[in-house]
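Enquirer: The lines below spell out each chain.
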Amino acid sequence: DVKVTQSSRYLVKRTGEKVFLECVQDMDHENMFWYRQDPGLGLRLIYFSYDVKMKEKGDIPEGYSVSREKKERFSLILESASTNQTSMYLCASSLTGVTEAFFGQGTRLTVV
Amino acid sequence: GQNIDQPTEMTATEGAIVQINCTYQTSGFNGLFWYQQHAGEAPTFLSYNVLDGLEEKGRFSSFLSRSKGYSYLLLKELQMKDSASYLCAVSPMNTGFQKLVFGTGTRLLVSP
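Line by line, the protein sequences are chains D and F.
Residue numbers for the first sequence follow this note's numbering, so the first one is 15 and each next one is one higher.
Residue numbers for the second sequence follow this note's numbering, so the first one is 169 and each next one is one higher.
Simulated from the structure, these hints should not be mistaken for lab results.
There may be inaccurate statements among the hints.
As the list claims (entries may be wrong) - Some but not every residue of chain D turned toward chain F, in silico, with C-beta under 10 Å:
| hint | residue |
| --- | --- |
| 1 | GLU44 |
| 2 | LEU59 |
| 3 | GLY77 |
In this text the structure is predicted, and so the values were computed from the model without any measurement.
Even glycine gets a Cβ: it sits at the ideal position worked out from N, Cα and C.
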């Protein structure tokens with residue numbers, strides 16, 4: 015079974031902190047994605063990566079950056095956390111853009 | 169760009185049939201995905217339509233019409249456990265089919 019693992023289920027951080035959300039997949043997938051999910055807004059794509067060291071902005075990249083140094087790991091970085099970044103963050107991976115994506119369990123981040 | 173629209177919420181009765189619609193405006197895509205997400209859990213893959221027409225998978229079927237910019241998910245013999253959000257998603261052509269973009273999701277409530 016494909017497994018996508020996010021490092022934390024719940025995180026509480028202070029405004030202005032630098033925050034790292036880690037995601038690891040174990041199926042040698044090319045594509046990895048970071049989404050945030052907010053009530054009424056659905057899943058919004060922050061960044062995605064289709065290969066090691068390759069990244070593309072999604073629909074809402076402002077305030078975020080990403081890192082993919084190894085194929086299995088895709089990190090989301092909040093350079094200076096703000097309260098409007100309080101959300102559920104979901105990582106996903108897929109073999110290609112035309113195959114199903116597998117999701118991690120999500121990280122609920124609260125910025126206070 | 170791509171806009172993917174779904175009804176926000178639907179209700180149905182156990183044993184009934186429900187159709188969840190998804191309309192989209194996009195410059196082109198390879199196929200359309202449907203995912204299920206139970207409250208507090210990660211989305212899981214349900215179906216993928218590449219060609220126009222109906223794809224059947226047990227109690228669930230998905231339909232695609234590219235000319236009409238329209239898809240639907242049909243759930244038959246509804247069970248209480250089908251109460252969940254249903255998300256449609258596409259991989260747009262202009263991103264090499266790598267990017268995966270979701271609609272806002274439809275929350276389905278199944279009552280006894």
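Enquirer: Decide, hint by hint, whether the structure agrees.
Expert: Status of the hints after comparison with the structure:
no.: 1; hint: GLU44; verdict: holds, 8 Å
no.: 2; hint: LEU59; verdict: holds, 6 Å
no.: 3; hint: GLY77; verdict: violated, 19 Å
The structure shown violates just one earlier hint, number 3.
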